[in-house]
Structure formats: structure tokens, C-alpha cells
Amino acid sequence: MGAGSLAALMAIAAVMLVYVFAVKRSNMKYSRWPVHRMFFWIAGLSCAAASVIGPIAERAHSSFTYHMAAHLLLGMLAPLLIVISAPLTLVMRTLNVRMARRLSSILKSTPARLLTDPVTASLLNMGGLWILYTTGLYQAMHHNGFLLVLIHIHIFLAGYLFTVSMVTIDPAPHKASFYYRSVVLVLALASHGILAKFLYGNPPPGITAGDSETGALLMYYGGDAIDMVIIFLLCLEWYKNQAPHRFGKSSPARSI
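Residue numbers for the sequence shown follow my numbering, beginning at 37 and rising by one.
Calculated from the structure, these hints are not laboratory results. In this text the structure is predicted, and so the values were computed from the model without any measurement. Careful: at least some of the hints might be erroneous.
Stated by the list, open to error - When the alpha-carbon atoms are kept at most 25 Å apart in a straight line, the in silico DMTMM-like pairs for lysine to aspartate or glutamate are as follows: (1) Lys211 x Asp260; (2) Lys233 x Asp260; (3) Lys233 x Asp263; (4) Lys144 x Glu273; (5) Lys276 x Asp206; (6) Lys233 x Glu249; (7) Lys211 x Asp153; (8) Lys276 x Asp153; (9) Lys211 x Asp263; (10) Lys60 x Asp206; (11) Lys233 x Asp247; (12) Lys65 x Asp206; (13) Lys276 x Asp263; (14) Lys211 x Glu249; (15) Lys144 x Asp206.
Stated by the list, open to error - Quick list of simulated restraints, FRET-style, between CB atoms: (16) Val219 x Thr171: 26 to 34 Å; (17) Ile230 x Ala47: 29 to 37 Å; (18) Ser98 x Lys233: 22 to 30 Å; (19) Leu272 x Val71: 15 to 23 Å; (20) Asp260 x Val219: 12 to 20 Å; (21) Ala50 x Glu94: 21 to 29 Å; (22) Leu272 x Leu150: 25 to 33 Å; (23) Gly181 x Ile48: 37 to 45 Å; (24) Pro241 x Ser213: 36 to 44 Å; (25) Glu94 x Gly172: 40 to 48 Å.
In this text, a Cβ means the ideal position worked out from N, Cα and C, and glycines have one as well.
Put together the whole structure using the sequences plus the hints.
The structure is reproduced here in C-alpha cells:
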């Protein structure tokens with residue numbers, strides 16, 4: 037394991053522990069934090085780690101199929117699991133009143149509203165993928181370590197913002213309407229599917245046709261599987277809002 041991989045592994049492990057300690061601190065002041073939230077946090081970070089460290093990450097440099105597996109882990113599954121773990125809610129429970137109010141002000145700010153808008157988040161997420169695979173950027177990132185790190189960071193953050201814009205579990209001062217999110221989600225999923233079909237017949241530079249076809253199929257069907265969970269959570273939120281008497285009043289983080 038190289039120095040960079042070791043540093044990434046240590047950083048991810050440290051973030052895992054921060055969440056665990058935050059849970060312990062939160063439990064001292066409030067009702068017990070759901071154990072399954074901690075599981076989702078650890079699982080999400082584990083997916084992110086597997087995409088940049090280990091055999092999948094190593095083979096992703098020479099195999100488009102493994103690269104696509106890493107993309108699904110880092111840009112789709114890891115963000116979804118982390119969103120379900122409700123990290124912002126946990127942070128709000130852990131901070132003192134002054135710091136919690138400051139964080140709340142940041143979440144209510146205009147930049148936060150723009151970044152979590154479904155259209156903006158979709159453009160950052162899907163638009164970034166189209167640029168990556170239809171230009172020379174994909175080939176360039178495998179020859180430039182710094183560029184590779186930047187693209188990995190973008191893929192994760194764009195995936196996280198996209199998921200947050202669709203699924204409301206943490207505090208969301210600028211939450212868009214169900215219909216707005218639904219329309220944008222359908223368009224975003226269509227864009228993802230069209231890109232997968234494009235890659236099936238148009239391999240990126242340096243990628244064989246067979247490898248591109250397998251990777252595109254993984255992108256198409258693997259992406260659909262993860263997107264089905266997002267659709268389910270979005271529809272579940274809508275259903276609970278339509279029939280609140282069946283579920284009672286609870287915070288978003290406790291509703292799923």
C-alpha cells in the first residue's frame with residue numbers, strides 16, 4: 037500500500053471514529069441515536085474507501101469495468117448510504133447552541149440553497165460525468181495523480197449533493213417540492229442512462245470495445261439499482277407527508 041493510499045485509509049478511519057464519538061456525545065444529552073444510522077455511515081465510508089483503495093481502485097487504472105465499479109461505489113452508493121446516516125442531524129445534536137446556530141445559518145445561506153437545488157446538483161453530477169467520458173479528461177486523469185484526486189473528490193461531492201437534493205433526511209431549509217424533485221430526478225436518471233448507452237457504443241480513448249460494453253452495462257443496471265432506492269425514499273417521504281397521522285410527528289432523521 038502506497039503512502040497516498042495509507043493516508044486516505046487513515047483519514048476515512050478517522051472520520052468513521054468521529055461519527056462514533058459524536059453518537060456517544062449525543063446519547064448523553066438526547067434520546068439514543070439509531071444504531072442503523074451508524075451502520076449506514078460506516079458502510080458508506082467503506083464503499084468510498086473501496087473505490088480508492090484496494091483491488092478495485094488498482095484495476096480501475098487499466099479496466100473501464102473496474103473504473104465504473106469504483107464510480108458506482110464512490111459517486112452513488114457511498115453518498116446514498118451517508119445521506120441515510122443523517123450526519124448533519126447528528127452534528128446539530130452534538131454542537132453547543134452557538135455553533136449549532138452558526139451551522140444552521142450556513143445551511144440557510146444562498147450558496148447552500150444553490151448547491152442543494154436539484155437542477156444545480158444534477159448538472160454538477162450528470163454534467164460532470166458527460167464531460168469526464170466524452171472528452172480527454174478520462175484518459176488524462178490516469179496520468180496525473182493530482183487530477184485523479186480532484187476528479188474523485190468531485191464525483192463524491194457531486195453525488196452527495198445530488199442525493200441530498202432528492203432525499204430529505206437531514207435538515208433541509210431549502211427543500212424543493214416533491215414534484216420539482218421528481219421531474220428533475222427523472223431527467224437526471226435519463227441522462228445517466230443515455231450516457232451509459234453512449235459509452236456502450238463509443239469507448240473512451242484507450243478502452244477496448246468489450247471493456248467499454250461491460251462497463252457501460254454495469255453503469256446502466258448498477259445505477260438503476262441504486263436509483264431505485266432514491267426513488268423509494270423520495271416516494272416514502274411524499275407518502276408520509278400525505279398521511280402524517282399514520283406516522284406521527286417526528287424529525288426527518290427519524291422518519292426513515
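In rising order, the numbers of the hints this structure does not comply with:
Hints 14, 23, 25 contradicted; others consistent.
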